[in-house]
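Between the sequences and the hints, there should be enough to build the whole structure, so can you do that?
Top to bottom, those sequences are chains V and S.
If you count the first sequence from 1, position 33 lands on 33 in our numbering, and the numbers rise without skipping.
If you count the second sequence from 1, position 31 lands on 1031 in our numbering, and the numbers rise without skipping.
Simulated from the structure, these hints should not be mistaken for laboratory data.
None of these values were measured; they are calculated from a predicted model.
Do not take every clue at face value.
[What the hints assert, rightly or not] For lysine-lysine, the following DSS-like pairs were computed, each having C-alpha atoms within a straight-line distance of at most 30 Å:
hint	chain 1	residue 1	chain 2	residue 2
1	V	K140	S	K1172
2	V	K336	V	K301
3	V	K307	V	K384
4	S	K1292	V	K307
5	S	K1041	V	K135
6	V	K344	V	K140
7	V	K299	V	K312
8	V	K70	S	K1292
9	V	K344	S	K1041
What follows is each chain in one-letter form.
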Amino acid sequence: MKGKALVIVAVSLAVCFMVGSPLCFGAEPIKIAGIFALTGRAAHIGTAQRDAVLIAIDEVNEQGGINGRKLEMVMEDTESTPTKAVMALKKILEAEDVAAIIGPTLTGTAMAMRGFIEQEGIPAFMHSGGDVILKAPLKKDDPTSLPKWTFKSPYKAADAMGKICEHMSKHGISKIGFLYSNEGFGKDGLKNVKVQAPKYGVEVVAEEAFEPKDVDMTAQLTRMNAKGVDGIIAWTVGPAMGIIPKNVKQLGIKAPLFECHGAGDPIFWTVAGEAGEGVMMPSTKIVVADQLPDSDPQKKKIQAYVKAYREKFNREPGTMVAYGADAAYIVVDAIKKVGADRAKIRDAIENTQGYLGISGIYNITPEDHNGLSMKDIVMIKATKGGWELMD
Amino acid sequence: MENRNGCKLVDLPESTRRKDRFSFTLLVVIIVLIPVLVESKYYLIVLNIIGLNTIVVVGLNLLIGFAGQISLGHAAFFGLGSYFSGILTANYGFPHWPAMVVAMLATGAIAYLIGYPALKLRGHYLVMATLGFGIIINILMGELEQFTGGHDGLIGIPPLSVGGLTFDNDLKNFYLIWAFVFFCMLVARNLLDSRVGRALRAIHGSEVAANSLGVNTSSYKVKVFVLSAMFASVSGSLYAHYITFISPSTYDFYYSIQVVTMVIVGGMGSLWGSLFGAAILSFISEALHVAKQYHIIAYGVFLSLILIFLPEGVLVGIQHFYQSKKLQRLIAVKTPFLLWFNRF
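Structure representation (structure tokens):
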């Protein structure tokens, strides 16, 4: 009896292997690389984006995958440093057969990875803010050598600045002060405000810088106030996001305060506390999903996503989450259309037109590997621990 | 082995020389064999980063282990190498190798300017000077935008080449970087076995004694500091040409701390310890990634364990442990015999 049972097991196993594993164990999964800043200085953004991507992938898998093949994310940590990011990239490319890359989080890590991504020829959808990723040529002496395989989901920082200036000119603010953190992000903002403000008839009468780790900006704000500004833009992420509103309240400055597009995140209330009340900023629609007019085509999609995010992680999604989600959905969509071939995925992503995303409506072209415009950005106001949509 | 002065104590013993010859041969064999065994680009890049770190750590160990001075600014020297090489080649089309030499000499000169006043003073003034210097250089990397590309980084650094051979992939860079590691270790080893080395080891033993015997301690300390900065600069140049993109965040204060940790974990004053320290820390930090987001904690625990149980460094610690075992065995074997012998 025992012998017979063994024979049956052996035969059935053999049949399984002969027919091929797909029938017995399900098809090979399609692998996507997820490279995020899970530790280091950008860990709070990287982990949120990882969760955002996981939701998109789980959703596809619950619906039975793509042509019967499940999606699987292979994850690596950049530790928020460029060298580790390149190592993570090579580790994944070597160990796994991945169809596309989602991430990384920081602009510096993205710039370091970019060259190797182009060399390898693998589509990469990044969540990093810096426009330089798409704008800087790959070869110094050839300005047309722009990245072919690299895309990014956050809207351009220039557009966010434009949105603030547009809002200001509508509300009669014409003389502003620009306060920025003295590092890459802040200086990038300074360049942008000088281009965008004149377009909307807004004049920058005061420019003040502070170090990212500074704990008090009253000196800068006092100088600014003395110049009679009727609006202040503070361009920074991190603890300074909360310190500046506190200082503004302490000094009794009446001029309205605007912050950057990274501020629309629950972390803003953690650092700003009550002083955050009334601060305005450009943002993706995700933080004000329920306040959107019903005519907004994105409303339903965003609401469904926010619900899924809350259920799964039991916290509120911030504006960074939207970027992670869109990068994932667009890549997954491309795979759905053309399969797991890298070159075909790249072409499909580049032809994404009118894609209804969480951050906005993506119209990606060979010239514009981002695809969002100023129309996708909304102005929001920090109110009672939450956000209020402004016109 | 007796030298001109008839001084036996300070020369390296013949057994050490034999061991060193063996170790260097072994290193060459391993370097040549590794690419045959390892095909993965990932392992090659890990090995390359280990190599680059080793060059910095060997230099730093000369300073810490022999001159008894700590530098918290080696990220800056590493960065100066990268940026001099990168700016000269990418922005001004300088030939690669001369640019690397210029970078090395310029970094050395800058180190001299810092080391000369700081090392005239007794005590740990160099730590303060290099700490400040490292932070200043890191800020300058971001601020001097027209040269460095600012915080967006410097793009378009060409790979190194010799004749028709361009070092444009991980394997070619492996041979290049490890050839430099071998060369730098050889320089360090021969230096320690020379008149300068004897002076340095004397300073390490007792600065006062060395001074009283006519060793110009501050001059030697400055020289070692400059040399160690030049080592870091070479490593930085190689890094820039290998990754072909550099940005200030690579050269922050944490990198300075990291290389000092490598020296301590490997063993202060131990040449092979430098290689070991760089290798073990670079490798462990990668291997611990299996612990997902907890890898930082695991890394901390690992470091604490090393410092608690092997405070003199892993390699030196293991050697001592082995030697004490040998001694115990010797005692265990010989004691009964001696006891028996004493009865007569």
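Hints, one by one, checked against the model:
Restraint check for K140 of chain V and K1172 of chain S: satisfied, since their Cα atoms lie roughly 23 Å apart, inside the 30 Å limit. At most 30 Å may separate the alpha-carbon atoms for a hinted pair to count; K336 of chain V and K301 of chain V meet this at roughly 19 Å. For the proposed pair K307 of chain V and K384 of chain V, the alpha carbon gap of about 21 Å is at most 30 Å, so the pair holds. Distance restraint check for K1292 of chain S and K307 of chain V: the Cα-Cα separation of roughly 27 Å lies within the 30 Å cut-off, and the hinted pair is therefore satisfied.
With a CA separation close to 29 Å, the supplied pair K1041 of chain S and K135 of chain V stays within the 30 Å bound. The hinted pair formed by K344 of chain V and K140 of chain V meets the criterion: a straight-line CA distance of about 28 Å does not exceed 30 Å. Taking the CA atoms of K299 of chain V and K312 of chain V, the gap is about 20 Å. The hint holds against a cut of 30 Å. The suggested pairing of K70 of chain V with K1292 of chain S holds, with an alpha-carbon distance near 22 Å, which does not exceed 30 Å.
Distance restraint check for K344 of chain V and K1041 of chain S: the Cα-Cα separation of roughly 25 Å lies within the 30 Å cut-off, and the hinted pair is therefore satisfied.
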